[in-house]
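A.B. asks: So the sequence lines, in the order shown, correspond to chains A and B.
Residues in the first sequence are numbered from 0 upward in steps of one, following numbering that gives the first Met the number 0.
Residues in the second sequence are numbered from 0 upward in steps of one, following numbering that gives the first Met the number 0.
In short, the hints are calculated from the structure, not lab data.
Take the hints with a grain of salt, since some may be wrong.
[To be verified] When the alpha-carbon atoms are kept at most 30 Å apart in a straight line, the in silico DSSO-like pairs for lysine-lysine are as follows:
{"hint": "1", "chain 1": "B", "residue 1": "Lys73", "chain 2": "A", "residue 2": "Lys199"}
{"hint": "2", "chain 1": "B", "residue 1": "Lys269", "chain 2": "A", "residue 2": "Lys252"}
{"hint": "3", "chain 1": "B", "residue 1": "Lys96", "chain 2": "A", "residue 2": "Lys220"}
{"hint": "4", "chain 1": "A", "residue 1": "Lys220", "chain 2": "B", "residue 2": "Lys148"}
{"hint": "5", "chain 1": "A", "residue 1": "Lys252", "chain 2": "A", "residue 2": "Lys272"}
{"hint": "6", "chain 1": "B", "residue 1": "Lys252", "chain 2": "A", "residue 2": "Lys274"}
{"hint": "7", "chain 1": "B", "residue 1": "Lys148", "chain 2": "A", "residue 2": "Lys199"}
{"hint": "8", "chain 1": "A", "residue 1": "Lys199", "chain 2": "B", "residue 2": "Lys272"}
{"hint": "9", "chain 1": "B", "residue 1": "Lys96", "chain 2": "A", "residue 2": "Lys96"}
{"hint": "10", "chain 1": "A", "residue 1": "Lys197", "chain 2": "B", "residue 2": "Lys96"}
Nothing here was measured: the structure is a model prediction, and the numbers come from that model.
Protein chains: 2
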Amino acid sequence: MKTGVIGLGLIGGSMALDLRGRGFASRVVGVESNNLSAEAALRLGLVDEITELEKCIEQCDLLIVAVPLDAAVKMIPYILDRIGDQVVTDVCSAKEKIDEVVRYHPHRSNFVSAHPMAGTEYSGPWAALPGLFDGRAGIICNAEDSGTKPLEIVKDLYDCLNMRVIYMRAAHHDVHTAYVSHISHISSFALALTVLEKEKNEKNIFDLASGGFSSTVRLAKSSAEMWAPILTRNRDNILTVLDTYIEQLEHFKRHIVEYDEAGLKETIRKANKIKRIIR
Amino acid sequence: MKTGVIGLGLIGGSMALDLRGRGFASRVVGVESNNLSAEAALRLGLVDEITELEKCIEQCDLLIVAVPLDAAVKMIPYILDRIGDQVVTDVCSAKEKIDEVVRYHPHRSNFVSAHPMAGTEYSGPWAALPGLFDGRAGIICNAEDSGTKPLEIVKDLYDCLNMRVIYMRAAHHDVHTAYVSHISHISSFALALTVLEKEKNEKNIFDLASGGFSSTVRLAKSSAEMWAPILTRNRDNILTVLDTYIEQLEHFKRHIVEYDEAGLKETIRKANKIKRIIR
């Protein structure tokens with residue numbers, strides 16, 4: 000299947016790599032507005048060719064939109080306006096906004112709203128990794144609005160990427176990702192800012208590789224271009240989770256202020272229950 | 000050197016393993032109040048024998064106290080009361096409290112206040128790992144209060160564990176660890192509690208292995224027995240950092256409330272600077 004990948008960052012690039020390498024795509028046509036990224040994607044063998052969006056739409060049977068959310072909400076309707084029987088899918092991590100812009104489109108059934116839940120804290124085509132999606136969850140939202148053939152093709156795509164397909168309502172998805180992904184990023188960004196603030200005054204005192212800091216702050220390296228639109232467009236869900244998170248921190252603070260070791264132990268033991276549901 | 004390890008959890012057990020395996024210790028004598036842990040430590044070959052504290056003190060040249068902080072503040076003076084020319088060291092992660100209880104002890108110079116900055120989120124002798132300390136920072140506090148020979152022995156101990164020795168004031172250490180270790184743990188505990196709170200109402204919606212959640216919540220598995228005393232005994236430093244952390248989260252919240260994508264991008268780019276100082 001001739002496959003177009005629009006946006007050759009970490010996600011688009013990694014998809015291109017595996018779809019090409021594993022024989023799903025007979026040819027991968029890339030679209031990338033940043034020239035440096037486009038050249039790198041060619042040089043790294045992520046795609047067979049780079050072309051313009053309109054030419055990519057003409058040539059391909061399947062179009063994967065892998066640009067940041069704010070660009071995607073404009074680009075997806077633009078693409079749907081120009082297709083015949085091609086299949087279009089996306090990779091965005093806030094699905095209600097996507098649903099809003101496609102819901103009444105005459106080509107809605109050609110579109111499959113999807114979110115492959117995988118990634119690293121790095122970005123750009125140079126961050127692309129083979130096998131990035133293996134074993135992870137591939138979420139398909141509002142499947143009843145997609146046609147049978149488009150759904151089958153996107154399921155095959157996720158099969159090729161070794162993903163477990165999960166079906167969800169867009170609204171449910173956005174609550175879910177606010178909890179399991181978006182709040183983790185905010186928590187990491189804030190941790191990085193806290194330490195950087197301190198570091199201004201006391202140079203070189205930190206041995207940051209130790210003490211668990213590295214793992215909790217890993218996500219703070221994530222791209223501003225990708226994350227700012229996600230945080231504003233999944234606003235209400237994120238604010239709910241963020242308020243709960245701040246309350247939990249205030250709860251810890253009260254225990255510490257009061258030297259309440261017993262209360263702290265009880266609270267930490269509650270938190271330990273995360274072992275039960277995390278793999 | 001005949002080495003006593005008092006407390007055979009993750010840290011004590013891992014030390015015992017490498018000190019024995021790498022030939023630093025001619026014999027490792029363990030002390031462990033939990034019978035199940037004591038038996039496991041013997042069975043896993045972490046120690047040559049298990050004995051009582053008083054017998055361990057008599058037999059050994061070097062005593063490593065690796066019990067939780069609240070037990071250590073009582074146990075270290077008790078041991079110092081009973082030694083001749085033996086060397087005593089600890090592994091606690093809040094050093095001012097330790098300094099308080101040893102400062103005026105007649106055997107203060109036999110004691111080396113130390114903190115090997117390594118660990119995992121697991122605990123108990125079954126969590127012990129060979130090579131756990133390789134390449135990490137071994138912090139020695141208030142070295143001028145320790146004798147020359149005790150300092151040399153503890154430096155050799157850390158050399159054997161492949162640690163980089165760093166000298167610091169206890170007060171400075173406690174500020175440092177509040178930033179690089181203690182706040183990371185609070186941030187993770189609170190994240191786990193936030194998600195668990197939600198999970199009560201909506202069973203099985205979470206695919207928690209994805210979306211960066213696993214890495215930010217990893218530390219939430221850490222032991223309540225170890226962490227409650229650290230958080231109360233490094234209280235003032237932790238409260239300062241925690242207040243800054245909550246302010247940073249409120250700052251994020253304001254941007255999100257106001258749909259301020261430009262402000263979010265700027266804030267996230269600031270947080271990205273953590274790349275510069277983390278390895």
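A.B. asks: Taking 30 Å as the top limit, are the C-alpha atoms of A/Lys197 and B/Lys96 close enough?
C.D. replies: It holds: about 23 Å lies between the C-alpha atoms, which stays within 30 Å.
A.B. asks: Mind checking the alpha carbons of B/Lys148 and A/Lys199 for me, to see if they're no more than 30 Å apart?
C.D. replies: 37 Å, violated
A.B. asks: If you draw a straight line from the CA of B/Lys96 to the CA of A/Lys220, is it 30 Å or shorter?
C.D. replies: Violated, at roughly 35 Å.
A.B. asks: What's the verdict on B/Lys96 and A/Lys96, does the C-alpha distance respect the 30 Å limit or exceed it?
C.D. replies: 53 Å, violated
A.B. asks: Taking only the CA atoms, is the gap from B/Lys252 to A/Lys274 under or equal to 30 Å?
C.D. replies: 29 Å, holds
A.B. asks: Hey, A/Lys220 versus B/Lys148, does the alpha-carbon distance stay inside 30 Å?
C.D. replies: 44 Å, violated
A.B. asks: Verify the proposed pairing of B/Lys269 with A/Lys252, using a straight-line Cα cut of 30 Å.
C.D. replies: 26 Å, holds
A.B. asks: Decide if the proposed pair is consistent with the structure: B/Lys73 and A/Lys199, CA atoms, cutoff 30 Å inclusive.
C.D. replies: 37 Å, violated
A.B. asks: Is it true that the CA of A/Lys199 sits at most 30 Å from the CA of B/Lys272?
C.D. replies: 12 Å, holds
A.B. asks: Holds or violated: are the alpha carbons of A/Lys252 and A/Lys272 at most 30 Å from each other?
C.D. replies: The given pair, whose Cα atoms are some 20 Å apart, holds under the 30 Å limit.
Going through the hint list in order, the structure does not satisfy hints 1, 3, 4, 7, 9.
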